[in-house]
Amino acid sequence: MVISANKEKYLIEIYSNQDNEGYTRVSDLAKSLQVSVPSVSKMAKKLKDEELIEFQRYKMIKLTEKGEEVCKHLLENRHVLVQFLRYIGVDEDKVENEVKSIENTFSRDVIHLIDRFLKNTSME
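Counting from 1, position 80 in the sequence shown corresponds to residue 80 in the UniProt record's numbering; the numbering is continuous, with no gaps.
These are calculated hints, taken from the structure and not from any lab test.
Note that this is a predicted model, so its numbers are computed, not measured.
Watch out, some of these pointers could steer you wrong.
Stated by the list, open to error - Each pair of labels, with its calculated beta carbon distance range:
| id | residue 1 | residue 2 | range |
| --- | --- | --- | --- |
| 1 | 4 | 113 | 22 to 28 Å |
| 2 | 34 | 86 | 24 to 30 Å |
| 3 | 120 | 65 | 29 to 35 Å |
| 4 | 91 | 54 | 38 to 44 Å |
| 5 | 21 | 76 | 22 to 28 Å |
| 6 | 90 | 57 | 38 to 44 Å |
| 7 | 102 | 57 | 32 to 38 Å |
| 8 | 35 | 88 | 20 to 26 Å |
| 9 | 54 | 97 | 29 to 35 Å |
| 10 | 36 | 100 | 19 to 25 Å |
| 11 | 56 | 120 | 46 to 52 Å |
Heads up, the beta-carbon is just placed ideally off N, CA and C, and yes, glycines get one too.
From just these sequences and the hints, can you work out the full model?
See below:
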């Protein structure tokens with residue numbers, strides 16, 4: 001499944017903002033993303049149509065099991081890229097921004113190869 005960078009941003013933010021029961025408020029999401037509530041509602045409808053979230057207009061958002069899996073995958077990819085950029089010597093204060101600018105350009109296969117490279121390198 002290919003997910004746009006904008007949808008990824010929303011999913012990660014939903015994942016990060018979940019309460020103990022797995023919900024986040026539309027208004028809280030709008031605030032953390034610095035967008036309007038109607039913008040969140042519009043994207044939430046798209047994510048709901050893709051069965052990535054459960055959503056009631058202008059209320060609460062919850063990741064579905066499918067949405068949780070996508071987020072876990074995205075976070076794993078992000079972690080691999082962070083480790084790789086650190087390995088090649090990118091300044092620590094630039095790593096997060098660099099990852100955000102490149103994370104959507106790599107396929108799963110390339111991320112897997114980078115991960116394997118890092119694991120093999122750290123064993124030596």
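Q) Taking the beta carbons of residue 4 and residue 113, is their distance inside 22 to 28 Å? A) holds (23 Å)
Q.
Between the beta carbons of residue 35 and residue 88, is the distance compatible with 20 to 26 Å?
A. The hinted range 20 to 26 Å is violated for residue 35 and residue 88, with Cβ atoms some 33 Å apart.
Q: Could you see if the CB distance from residue 54 to residue 97 stays within 29 to 35 Å?
A: Given range 29 to 35 Å: holds, Cβ gap about 32 Å.
Q: With respect to the beta-carbon atoms only, verify the hint that residue 34 and residue 86 lie 24 to 30 Å apart.
A: holds (28 Å)
Q) Does the Cβ pair residue 90, residue 57 satisfy 38 to 44 Å? A) holds (42 Å)
Q: For the range 38 to 44 Å, tell me whether the beta carbons of residue 91 and residue 54 fit it or not.
A: holds (40 Å)
Q. Using the C-beta atoms of residue 21 and residue 76, is the stated range 22 to 28 Å upheld?
A. Since residue 21 and residue 76 have Cβ atoms about 24 Å apart, the given range 22 to 28 Å holds.
**Q.** 46 to 52 Å as the expected CB spacing between residue 120 and residue 56, which holds or is violated
**A.** holds (47 Å)
Q. CB of residue 102 to CB of residue 57, is that within 32 to 38 Å?
A. holds (34 Å)
**Q.** Outcome of range test on Cβ distance (residue 120, residue 65; 29 to 35 Å)
**A.** holds (33 Å)
Q: Note whether the CB distance of residue 36 and residue 100 lies within 19 to 25 Å or breaks it.
A: holds (22 Å)
Checked against the numbered hints listed earlier, the structure breaks hint 8 alone; every other hint is satisfied.
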